[in-house]
Amino acid sequence: MTGRRVIVVGGGLGGLWATLAIAGGGHRVLLFSLFEVMRSHSVCAQGGINAVLDYQGQHDSVAQHIRDTLKGGSWLANQPPVKSMCEAAPGLIRTFERMGVTFSRTPEGLLDQRLFGGVKHKRTCFAGASTGQQLMHGVDQQVRRLEAEGRVEKHEWWEYLGLVKDGAGVCRGVVAMDLRSLGVQAFPADAVVLATGGLGQLYAPQTTCSTNSTGAAASRAYQQGARFANAELFQFHPTAMLGEDKTRLMSEAARGEGGRVWVPKDPADRREPNRIPEAERWYFLEDWYPAYGNTVPRDIASRAIWRVCRELKQGIGGGDRVYLDLTHLDPGFVESRLGAILSIYRKFAGTDPLDAPMEIFPAAHYAMGGLWVDFERDPASGGVKPGSPRNHATSIAGLYACGECDYGYHGANRLGANSLLSASYSGRVAGEAVLSHLAGIERGADAVPAAPFDAEVARQQAINRELMTGQGNESPYRLHEELGALMTSRVGVVRDNAGLDRALEELAALERRAAHMALAEASPWANQTLAYARQVQDMIRLARVMAASARVRDECRGAHYKPEFDLPLPQSGRSAQDLGSPEWSQYRERWAANNARWLKTTVAEYSADGPRIDFEPVDLSVLAPDQPRDYR
Amino acid sequence: MIGIAGSQQLDLRRVGTGYAGGTRDTRASTRAGIETQRQDPADNQSVELRVRRQDAPDAAPYWQTFRLRVRPGDNVVSVLRALRLHPITADGEPVDPVAFEHNCMEEVCGACAMLIDGAPRPACSTLLADLGTVIRLEPLPKFPVVRDLMVDRARLFERLSRVKAWVRLDGPWDTHERAPRIAQRQWATDYLYSRCMSCGICLAACPQVDGQAQDNNGFIGPAALAQVRLLNAHPLGRYDKPERLHAIMAQGGLTDCGNAQNCVRVCPKKIPLTTAIGELGRQTTVQALQDLFGA
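Chain order of the listed sequences is A and B. FYI, in my numbering the residues of the first sequence are 1 to 632. FYI, in my numbering the residues of the second sequence are 1001 to 1295.
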């Protein structure tokens, strides 16, 4: 086989799309995954994927998708990539459809679309309520075909541990560990793509994320010099089930299809929810946000639920829970469009959402921030330049990142159903960028001397040896629990600087303790505690980046909420219509002044003393921030 | 052949409906709590876990018993996770934590399938409230054991290659052609098959699947057959229908199905596997005639 050798780390939607693009370009792909491909967190995405098809007679437009995404993200996303992503979305849907994805249909057989949050048009394509799993089937099958043709080589049950850089600082491969034999090995490559997903496990167990969404891989790249952007911007999903092992997601589609969020007006009301009359229920989202109602964006809904439960003490029974109600909808309709989540709720809560409202509360869900990646703006289109080797390039030459582990598309808050879109789109774009990068390479990784590979293998083996033979007394499992509790309480839905200072101290202490772990297991074969312990160390280092980034951003933007710096919207009038009134003029001045100061990307760089934080400007070349977010 | 015995013991009420145990108390604290002491043998809410362990693929299996306290809402995965904090047997002997796989904990990634009280099930959605106080955990049969409850399901994915479970695209780019119209009724049946999460539970329960067979001539199993059914119905996937049918008409193919119907009873996603097999029976008959007489 001619062509060069590329490593893709991660077998979720982003990694598989990158693999398709690179192998399709005639190069050999080594695909690394922690487990069998198809078990990645992408399969957990439920509600759908946004693309403007305008099949619903609502005059939807790509321009509106771009505006909704930018505004939903509090204008913090670089705009050319968002523009190109929204423009590419319909084509991606058509491609998935050709792959065999079972998208739900309308009565006349067209692709069906439903409503999601932060949007007024039905724009979300879906496959029941298991859209992520279905999209994964599509690309997984295509990759399997390439594998059968010998163009892709899977390394399943291998964990990425670190990068190999040559003397010039160019990434020339990775070092990975076989999770069965625990063998540590170097793999040279002419380019490396990280598609390693999110980091919700930093908040465990209060997270909707899979156990593998640790952010450890991104943390490792960061510790080796890759910049990490907007770490403080992390989404809490408003509607997660209650649970002690995990807070399972109940898709935003539940609200998009008509679900209503409410609490009893009297928190001491002990009646079964179905016995509480309408007049004694408080539909607080509809009350506070009449224009968007239950489909306000996630950050707004999460804070509203937080406020109801924590500040107003109006949660059900005075606790941290509100109702998400589907019982007023047609059961057949709900079953066909939300069956997958109904089944999860039935199995894990033991009650049927068709009979009684679900009980939900916000939980850690999605990292808007991630590894810093570049793009090249195309002056002709205003979007990104197709095939530019700069697209999705990290700050380390030869290293690319895509999917949730990058920071590219969602600004300060992601709109629902934009993540399957960004994972797919960014994977493809990163793959195409790698093709251009490879075309410009004169000497391949095979020409690099063995020394940097040997050095990195030795460094990683030393970490393993230290953990396997260390005399510490800290349990990695317990440290992880402490990390999750700390992050949930201090770097969560609501933040303040005193709490963040405490968090930084506590994280530094956790990091010191994590250097003295006891694995309580010495098995040289499939030792899961060793891999876990390494992940916990890297999770704590990444948590420090999140807390430090949150500490410096003294404002409220999207999911990052520090009440001390809030600029409350004027009580009278609405942003869309009343911008000329004196009250609004004054507000807009303050809003613009705040943007002048804070509308910028947070960029963290690793140092031994802790993260160094700096800022860089946001590319606002598509749409000037002209509207404060007002969903009332 | 552990699987046959196991599947014959299947309690359909448990396996089929998933939540027949009735309402459970989910009103536990939603705050992130630090794991409290789980080891309290005197507590009447404790369970006994009997785990079949195996240190390596070629090592001899052995049993260990653990006793730990159960919390409301606990499932087999959450209990195994709790056990990692105190891997001490009921006899007080500290041992290695039990190796097992789990990712999503909401029954969509397929990782945590294992044999629970003799029946193949996803561990995450098997609630302790539906089990007795003595719980037997074994690795999923028909797959090579890696360690303890971890198995290697590579053969499941090899079988998907064997039946060419993909659509042959010109390339993963946009062809600017509107998606074909598909009736809602057809979508609804196709969608059932696309819920497969490659957990391997149907293969574990199937008496025809030979766990010892050095692939690729053993029975292909229900999971891959269902994907043939799905892809043969797709507007583009149809083009390669003859190749897929020939793959399942070969040795180890469709005719090896013994109609035990275990697969359809154990499938956690309620995929109508036997319906797929029936449809494929008709498709292969037509294909055989076409092969004979040309078409």
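A couple of the hints might just be wrong.
What the hints assert, rightly or not - Using C-beta positions, here's what the derived DEER-type ranges look like:
#1 B/A1188 with A/V62: 24 to 34 Å
#2 B/R1238 with A/G91: 18 to 28 Å
#3 B/Q1186 with A/A148: 25 to 35 Å
#4 A/E335 with B/R1282: 26 to 36 Å
#5 A/G444 with B/P1057: 30 to 40 Å
#6 A/E505 with B/Q1186: 58 to 68 Å
#7 B/G1092 with A/R502: 38 to 48 Å
#8 B/R1282 with A/R270: 18 to 28 Å
As the list claims (entries may be wrong) - Stretch by stretch, here's where chain B covers chain A in the computed footprint (C-beta under 8 Å, at least three residues):
#9 19 to 32
#10 113 to 123
I should point out that these hints are in silico values taken from the structure, not numbers from a laboratory. C-beta: ideal position from N, C-alpha, C; glycine also.
Consistency of the hints with the structure:
For the hinted restraint 24 to 34 Å between B/A1188 and A/V62, the CB-CB distance of approximately 31 Å keeps it satisfied. Checked against the hint of 18 to 28 Å, the pair B/R1238 and A/G91 passes, with Cβ atoms roughly 23 Å apart. One distance hint, 25 to 35 Å for the beta-carbon pair B/Q1186 and A/A148, holds here, with the actual separation near 28 Å. Between A/E335 and B/R1282 the beta carbons are some 29 Å apart, a value that agrees with the proposed interval 26 to 36 Å.
Distance hint check for A/G444 and B/P1057: the Cβ-Cβ separation is about 36 Å, which falls inside the suggested range of 30 to 40 Å. About 60 Å separates the C-beta atoms of A/E505 and B/Q1186, a value consistent with the hinted range of 58 to 68 Å. For B/G1092 and A/R502, the Cβ-Cβ distance of about 39 Å falls inside the hinted range of 38 to 48 Å, so the restraint holds. Between B/R1282 and A/R270 the beta carbons are some 57 Å apart, a value that contradicts the proposed interval 18 to 28 Å.
Requiring three or more residues with a Cβ within less than 8 Å of a Cβ of chain B, the coverage given for the stretch 19 to 32 of chain A holds, as 3 such residues are present. With a cut-off of 8 Å between beta carbons, the stretch 113 to 123 of chain A has 0 residues touching chain B; three or more are needed, and the interface restraint is violated.
In this structure, the earlier hints numbered 8, 10 are contradicted, and the remaining ones agree with it.
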